[in-house]
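Just so you know, the sequence shown maps onto residues 1 to 158 in the UniProt record's numbering.
Derived by calculation from the structure, the hints in this document are not laboratory data.
From a predicted model like this one, the values you see are computed outputs, not experimental measurements.
Keep in mind that the hints are not guaranteed to be accurate.
[Stated by the list, open to error] Computed spacing ranges between beta-carbons, pair by pair:
id : residue 1 : residue 2 : range
1  : I3        : S151      : 22 to 32 Å
2  : H144      : R7        : 14 to 24 Å
3  : K141      : E31       : 13 to 23 Å
4  : A72       : G95       : 34 to 44 Å
The beta carbon of each residue, even a glycine, is placed where N, CA and C say it ideally should be.
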Amino acid sequence: MRIVRARYDHPDAMKLNDAVQQEYAVRYGDEGDVTPLEPSMFEPPQGLYLLAYDADERPVASGGWRTQDRGAEGYADGDAEIKRMYVVPEVRGRGLARQILALLEDDAREAGRTRMVLETGTAQPEAIALYTSSGYEPAEKFGHYRFEPESRCYAKPL
Numbered sequence: 001m002r003i004v005r006a007r008y009d010h011p012d013a014m015k016l017n018d019a020v021q022q023e024y025a026v027r028y029g030d031e032g033d034v035t036p037l038e039p040s041m042f043e044p045p046q047g048l049y050l051l052a053y054d055a056d057e058r059p060v061a062s063g064g065w066r067t068q069d070r071g072a073e074g075y076a077d078g079d080a081e082i083k084r085m086y087v088v089p090e091v092r093g094r095g096l097a098r099q100i101l102a103l104l105e106d107d108a109r110e111a112g113r114t115r116m117v118l119e120t121g122t123a124q125p126e127a128i129a130l131y132t133s134s135g136y137e138p139a140e141k142f143g144h145y146r147f148e149p150e151s152r153c154y155a156k157p158l
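Let the hints inform the model, and build the full structure from the sequences given.
Here is the structure:
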């Protein structure tokens, strides 16, 4: 697998974003994740977006982080928030999400962020397993879905 930096609005990123939104819609019975996101949120040094490609140059995974600081949505100063972690079903179980997560954590740390945070949901047990096995612990709720009962928030010091 080849992992590269990309813009959040890159055509391959949009393709994977559409796929993850469809998966969220099926799992949660709604329209998917409606958290407002802009490509500029993932531009270094305020964030990073990664795409992974297989040997045939097909986009198979994505993930990004964006800067967050104290505000009305419950973030803390120094937070870096994980967004749009996704691996296509055909290549799941090969450690690709864990590899992308580690790269995102390293980049956020180098950018001066002090804590990595993320929000996921109860219908994503694979995501919860990945994050907890990577050192993330339950955190006070934050973000767009902080009032939703299915929402689960996690944090890890960087």
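Status of each hint after checking the structure:
no.	hint	verdict
1	I3 x S151: 22 to 32 Å	holds (28 Å)
2	H144 x R7: 14 to 24 Å	holds (22 Å)
3	K141 x E31: 13 to 23 Å	holds (21 Å)
4	A72 x G95: 34 to 44 Å	holds (37 Å)
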